[in-house]
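2 protein chains.
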Amino acid sequence: MVKEKVIAQAQKAKEAARKLGHLSSAVKDKALMAMADALEARTDDILEANSIDMQAGREKKLSTALLDRLLLTNDRVKEMADGLRAIAALPDPVGEVIHMWKRPNGLQIGKIRVPVGVIGLIYEARPNVTVDAAGLCLKTGNAVLLRGGSEAFNSNKRIAEIIADAATSAGIPAGAIQLIETTDREAVNVMLKLNEYIDILIPRGGAGLIQTVVQNATVPVIETGVGNCHVYIDNEADLDMAMNIVINAKTQRPGVCNAMETLLVHEEVADKVLPPLLNKLRDEYNVEIRGCEKTKAIVPWVKDATEEDYYTEFLDLILAVKVVRDMDEAIDHIYKYGTKHSEAIITNNYNKSRRFTEEVDAAAVYVNASTRFTDGFQFGYGAEIGISTQKLHARGPMGLPELTTTKYIIFGNGQVRG
Amino acid sequence: MVKEKVIAQAQKAKEAARKLGHLSSAVKDKALMAMADALEARTDDILEANSIDMQAGREKKLSTALLDRLLLTNDRVKEMADGLRAIAALPDPVGEVIHMWKRPNGLQIGKIRVPVGVIGLIYEARPNVTVDAAGLCLKTGNAVLLRGGSEAFNSNKRIAEIIADAATSAGIPAGAIQLIETTDREAVNVMLKLNEYIDILIPRGGAGLIQTVVQNATVPVIETGVGNCHVYIDNEADLDMAMNIVINAKTQRPGVCNAMETLLVHEEVADKVLPPLLNKLRDEYNVEIRGCEKTKAIVPWVKDATEEDYYTEFLDLILAVKVVRDMDEAIDHIYKYGTKHSEAIITNNYNKSRRFTEEVDAAAVYVNASTRFTDGFQFGYGAEIGISTQKLHARGPMGLPELTTTKYIIFGNGQVRG
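Residue numbers (this note's numbering), protein chains in the order written: chain A, 6 to 423; chain B, 6 to 423.
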């Protein structure tokens, strides 16, 4: 029953996708603007649906953090609407001729950007992802199947209805934007295997959700998310800059994937930088510090760091610290414990900056800047569907082009192969 | 036991990959030349190992076609060696700065091409794939785990030893080129789940092999292969050109994925083009024709085409034919039965050429040329690891850049996020 419903929705998405790919940018942008207006016009409806989710969430004793992510307000609805308007203002990647050339036999070959088709998005509590994902997929000519978390089901359902209706009224084929209409977990299992109708799956959420998708999907997946990020303070670093960057990378928003989790410090500068830095992190930012033996020898109040701590993405005001012999040990540590997301070195040494960026294998490698910049907006993409932590198709912040694929078009005048 | 052996090989590959990514093009190219020389110098050894496989193949009563693919000769060994030399002569994609820009806050962001890491190649009988794949992966700085077909095990083993030794002697880290050292099928199952050590799997071979990999792998897969390709002859086509292209697309090499399987003909020109074309295909090229009712009304000796025939990649001298009302019916037919590989229209109508290339969703869409050109060499890439039939990462012929991924390197001078 659940299976049949999901398949029926996916079929409808595939039919819509076939038409969507050939719509002009003007039609898509007009629809995005109409969706934004509809969200604002129907704010009360959305808040009413959200209050049902909030009530249920409080009864289920969801954490304060989770309830805050679930909560919608007038301002937050307006932000979602403005997000759609910002997407409308971005250039349309579909139709871009990436490269075109002529072969000696006269064949003219062009590589053209085209929509992927149907994108399945599986995500957790935030209702704003519903709007974001729908907007980004529509802009890139893809149909989207949205599977949000059950905690936000009423909010997501109302939002999806409103934007899908607005889109259809503006000339977008019905079925282009659909929320999976059940909270039954079986629906996810069905989506994972729907190779016939879904072209790409993007999971967004905690490690458990992402691993479930990666381990069980036969549909190609873009893995997002886990970031066990490091900052390495070299012995040739500007220590004031280093402190500034560490504090920013750890505390500016600790619950996100590009926040720093482990600090590595060259032993020659450890006794100079660690006392003021760790004291400040503890006293002004309430960060719990877990360090190696050498760290504790310098700052005695630090707790023991376990092997496990170095593997952990805390997503919290907890920092692991390790004093290292040199940059090589730092790079080896990152290789062993890192998740290839975002890594930074603080140094004024030219050769070390080159070696670090060359030898550290990660989506984003920084010299003298905070890891917190790994983000589609910070990179100037104007949008972000997630941060890929895999190497296939997309790596790092994914903007609009990452939601497209390519096709070759070949123009001849009778060429045959000899 | 098999599992432990495969994991040990994969670990070694991962270690090698860490160093391989930072080798200069000069070192890699020198190694490729040394591998080529070693193959030629040890031709006798290779032919001896191949004769064991050939003997076993004859005893197992493999088909003549399969035995021919398995067979190595002096010339074929020389071709493999020349293939490596050609790869050495290609530009190295690793290190290419695809794009670099500066943000308003002064951060300089660059997107750089880097190796993927470890590539697992699972393939069937041809021993030349062993050399090709090893050469392409080495050129792009990737370690490769080769899992060839059991029929070619002795040939592959000898070849892999020779090229791996030559590579190591030329400065390539040991473990960069490895053949999985068992014919046990369990080895494939182990590879499919080795996310910790293998970054990408590329299956090359029949539909059964590819589906096994796609259905069971947790490692990201690049799907290759199945091509149910169509040629549509429009009512505004140059019919001589159309006949030429159809004959080429069907008969020049019928056993490959870019060969044509179904011919679609506009009803207005069917009675003019089908009799000479189908007679020629039958009489001069020994092609079996299976047609729709309308085809049979025009050419009575044609056999019945079943629904199943239109879904089938014959890979043989068999052609399905359907007379269609117009281009829309042709496009709908391709949408329903096609595998999104290579599709062609023969027309002199400008608007139809535009609509066909826009509306047909396939890796390669042709106007007035044979589908047989979907090939890395024909596209001018100088190499080919396979033809991707998926939309993620790579689509169509895959050359050297498709064996790489990217990373962002970000240069700052103390930037933190506000």
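If you are wondering where the hints come from, they were derived from the structure by calculation, not from laboratory data. Bear in mind the structure is a predicted one, so any value in this text is a computation, not a measurement. Any given hint could be a false lead.
To be verified - The calculated DSBU-like cross-link candidates involving lysine-lysine, where the alpha carbons are at most 30 Å apart (straight line), are:
no.: 1; chain 1: A; residue 1: Lys17; chain 2: B; residue 2: Lys341
no.: 2; chain 1: B; residue 1: Lys10; chain 2: A; residue 2: Lys341
no.: 3; chain 1: A; residue 1: Lys341; chain 2: B; residue 2: Lys357
no.: 4; chain 1: B; residue 1: Lys8; chain 2: A; residue 2: Lys341
no.: 5; chain 1: A; residue 1: Lys357; chain 2: B; residue 2: Lys10
no.: 6; chain 1: B; residue 1: Lys341; chain 2: A; residue 2: Lys116
no.: 7; chain 1: A; residue 1: Lys116; chain 2: B; residue 2: Lys107
no.: 8; chain 1: B; residue 1: Lys116; chain 2: A; residue 2: Lys341
no.: 9; chain 1: B; residue 1: Lys198; chain 2: A; residue 2: Lys341
no.: 10; chain 1: B; residue 1: Lys341; chain 2: A; residue 2: Lys10
no.: 11; chain 1: B; residue 1: Lys357; chain 2: A; residue 2: Lys35
no.: 12; chain 1: B; residue 1: Lys24; chain 2: A; residue 2: Lys357
no.: 13; chain 1: B; residue 1: Lys299; chain 2: B; residue 2: Lys357
no.: 14; chain 1: B; residue 1: Lys341; chain 2: A; residue 2: Lys19
no.: 15; chain 1: B; residue 1: Lys24; chain 2: A; residue 2: Lys198
no.: 16; chain 1: A; residue 1: Lys17; chain 2: B; residue 2: Lys357
no.: 17; chain 1: A; residue 1: Lys8; chain 2: B; residue 2: Lys116
Unsatisfied constraints (hint numbers, rising)
3, 5, 15 and 17
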